[in-house]
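Residue numbers (my numbering), protein chains in the order written: chain A, 1 to 115; chain B, 1 to 114.
Heads up, a few of these hints could be off.
Chain A regions said to be covered by chain B (calculated; three or more residues, Cβ under 8 Å) [to be verified]:
id: 1; region: 45 to 54
id: 2; region: 106 to 115
Under the rule of at most 30 Å between Cα atoms (straight-line distance), these lysine-lysine pairs were calculated in the BS3-like manner [what the hints assert, rightly or not]:
id: 3; chain 1: A; residue 1: K78; chain 2: B; residue 2: K15
id: 4; chain 1: A; residue 1: K78; chain 2: B; residue 2: K78
id: 5; chain 1: B; residue 1: K11; chain 2: A; residue 2: K107
Keep in mind that the hints were calculated from the coordinates and are not lab data.
Glycine included, C-beta positions come from ideal geometry on N, C-alpha and C.
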Amino acid sequence: AQTVTQSQPEMSVQEAETVTLSCTYDTSESDYYLFWYKQPPSRQMILVIRQEAYKQQNATENRFSVNFQKAAKSFSLKISDSQLGDAAMYFCAYRLTGANSKLTFGKGITLSVRP
Amino acid sequence: GAGVSQTPSNKVTEKGKYVELRCDPISGHTALYWYRQSLGQGPEFLIYFQGTGAADDSGLPNDRFFAVRPEGSVSTLKIQRTERGDSAVYLCASSPTGESDTQYFGPGTRLTVL
């Protein structure tokens, strides 16, 4: 079974600074996807970034980038130039490729941004 | 276009009662997922629909939980004889085909069982 581990329950960052959120996962599969989702108090899960395991290049979306280390099964999220609106719960998630690819989530991390 | 919507936003019920939670996916999305998020946890998979059929219901915790999607669009999650442990946020997500697609989530229904 696949598992996703987020060992840091909380993190804090100063506005305009950079923060890195950690995630590790366990799988015996070689072809899969990894995601970071943001969940503000409104509860709506918002996709932040997605990484295909077959791609060596790390995904980037504006201020958000990942460090994907397939051999180490590590998938961290870097947020640059942190903004107050980045404060939320962040979840790392895994899914297999193909049909019926349910998401497996970590426990999440609460990110606070200090003005 | 409209995103995934869920009703009600909040539901309070008493132990032993029956509840229905509704999900309206993004128009045209054939894949629909239900997840349950307990306090302080990440969402956990419950059931996946491809069209009208439940392709994977392995996450349903017991036979008190049931879900339908009769016309391949709206889905209803039904919980019989609710227990206090059923209290959680129930999230619905949809994706265009289910294969290698991003899942788009609704705002969830917070269920409280007293």
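Going down the list of hints, with the structure as the test:
1. Check on the region 45 to 54 of chain A: 4 of its residues sit with their Cβ under 8 Å from a Cβ of chain B, so the three-residue criterion for coverage holds.
2. For the region 106 to 115 of chain A, the proposed coverage by chain B is satisfied: 3 residues have a C-beta within less than 8 Å of a C-beta in that chain, meeting the threshold of three.
3. Taking the CA atoms of K78/A and K15/B, the gap is about 44 Å. The hint is violated against a cut of 30 Å.
4. Distance hint between K78/A and K78/B is unfulfilled; the C-alpha atoms sit about 39 Å from each other, more than 30 Å.
5. For the given pair, K11/B sits about 24 Å from K107/A by alpha-carbon distance, which is consistent with the 30 Å threshold.
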